[in-house]
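Following the hints, position chain B against chain U.
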Amino acid sequence: MMSTAAIELNNVNKSYRYFALSDISLQLEPGHIMGFIGPNGAGKSTTIRLIMGLVHADSGDIRVLGHAMPVEQVAAKWGIGFASEDMNLYKAATLEWHMGFMQSIYADWDKDYARQLVDRFDLRPEQRMKGMSHGQKVKSGLLLALARRPRLLVLDEPTTGLDPVARTEVLNELMEVLVDEDRSVLFSSHNTNDVEQISDKITFIDRGRIIEAQDKESFLDRWRRVRFETSAGFVLPELPGMTEHRLDGSLGTLTTGNFGTEVREKLQAAGATILAVDNMTLEEIFVAEVMSSRGTASSSDSTGESR
Amino acid sequence: MTSPFVLSQSDGRPMYLQIIEQIRLRITVGDWQPGFKLPSIRELAVATRVSVITVKRAYQELEKDGVIITRQGKGSYVAEIDGLDLKLRREELDQHLQEAIAVARGLGIDQEELLARLKALLADEPE
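Protein chains in written order, with this note's numbering: chain U, 1 to 307; chain B, 1 to 127.
Do not take every clue at face value.
To be clear about the criterion: a stretch of chain U counts as covered by chain B if any three or more of its residues have a C-beta under 8 Å from a C-beta of chain B, and this derived list gives those stretches [as the list claims (entries may be wrong)]:
hint, region
1, 29 to 37
2, 174 to 186
3, 198 to 211
4, 215 to 227
5, 267 to 280
Taking CB as the label site, the calculated pair distances span [as the list claims (entries may be wrong)]:
hint, chain 1, residue 1, chain 2, residue 2, range
6, U, S218, B, E91, 23 to 33 Å
7, U, G161, B, Q9, 19 to 29 Å
8, U, D61, B, L86, 32 to 42 Å
9, B, E113, U, D248, 35 to 45 Å
10, U, Q103, B, Q9, 50 to 60 Å
11, U, H134, B, G66, 44 to 54 Å
12, B, L86, U, G60, 50 to 60 Å
Keep in mind that the hints were calculated from the coordinates and are not lab data.
None of the values given here were measured: they were computed from a predicted structure.
Glycine is no exception: its CB is placed at the ideal position from the N, C-alpha and C atoms.
For reference, chain U alone in the conformation it holds in the complex:
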């Protein structure tokens, strides 16, 4: 049997009065974790709502666990565990009550695992939702999604607002999901550290467009900061993928998203000596990608912005 993608979006569009998602395509294979990164207001939550069938696209195809969304969302949702900050838990009810409710609906509810998560997440089952702190609410929502052991977890900002200990516990549980190679995770975040460590695939979104989607290793491999020494009369040549450069006396620095022999050779041919080639963190790469994507967008469409 061919394995179907856990999530597949093809050329999805959705317009609101002041915001539009344009031509969103992404694919998540089973057994992988995808980190979905973007600044505030970039369209992460809207994309997640489209995936969950909570919002209808204007055009494009969305398939989740092989089901067309939102038409087949009832069938799809048996296999999806979803958690977001604005999830509706009953304020007057306790965590215990919510766990019992989930157990009555989902046959796959793992009671023992739920108990373990209560301990690991440092929660109290007898506590009512309305008395919980932000972090406790987030962790409760995650517990309710995780303990069903769904084939796909869709988590909107699962680590935002959590203290470092809780964040580590949550990331540990996400990795635990991958013991089973048919299960997948999509999670959005603006914490690039979390994403860098556990993601197989990374998608950057900004201003309603996907600016880059790749496997993490390729991302980290392609981006480099190069430090070099120049001689008198040095002129920086055109280099592939260069997003930023600075010359200070006889020393220079540049950032490129397409590092390789071509960059080395062209720099040397121009009379520069390469002093160091540094790796970049995902955070630095993310900022460079967003800046360069915004830079191109505003120069090619300078009238659009001012309207």
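Leaving out everything else, chain B in the frame of chain U:
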């Protein structure tokens, strides 16, 4: 899985290189003998909290270097080569020496001076 590796986000080197180093170290010190079956990629990823793709990359590099061998559908094993631990020991040292050579070159220090510096440092080393 027991004894997950110690990996550091603030180390500065990519994760896959840290995994490679930890595996090479286990072979060098003799904890993982030739023929030893490595944890599966997924097992190691979960145990070390590092993405599957990163561990996969580390295994691929180790395979390319002849340190491990992957048998289709069976898993990965430490290569059965005589003196593998010595070979890895030497490669580890060479790597550091090559870095020193590159630094010397960047500073305009020639071969003779570099050797002289190494000898001087060795002479200063307490027993």
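Tested hints:
1. 29 to 37: Holds, because 3 residues of the region 29 to 37 of chain U bring their Cβ atoms closer than 8 Å to Cβ atoms of chain B.
2. 174 to 186: holds (count 5)
3. 198 to 211: holds (count 4)
4. 215 to 227: holds (count 4)
5. 267 to 280: Contact hint for the region 267 to 280 of chain U vs chain B: holds, 3 residues under 8 Å.
6. U:S218 <-> B:E91: 23 to 33 Å: Since the Cβ atoms of U:S218 and B:E91 sit about 26 Å apart, the hinted range of 23 to 33 Å holds.
7. U:G161 <-> B:Q9: 19 to 29 Å: Hint holds: Cβ distance 21 Å, inside 19 to 29 Å.
8. U:D61 <-> B:L86: 32 to 42 Å: For B:L86 against U:D61, whose Cβ atoms are near 57 Å apart, the range 32 to 42 Å is violated.
9. B:E113 <-> U:D248: 35 to 45 Å: Because 29 Å falls outside the window, the suggested range is violated.
10. U:Q103 <-> B:Q9: 50 to 60 Å: Roughly 37 Å apart at Cβ, these two residues miss the hinted range, so it is violated.
11. U:H134 <-> B:G66: 44 to 54 Å: 52 Å, holds
12. B:L86 <-> U:G60: 50 to 60 Å: Holds: the Cβ-Cβ distance is about 58 Å, inside 50 to 60 Å.
Checked against the numbered hints listed earlier, the structure breaks hints 8, 9, 10; every other hint is satisfied.
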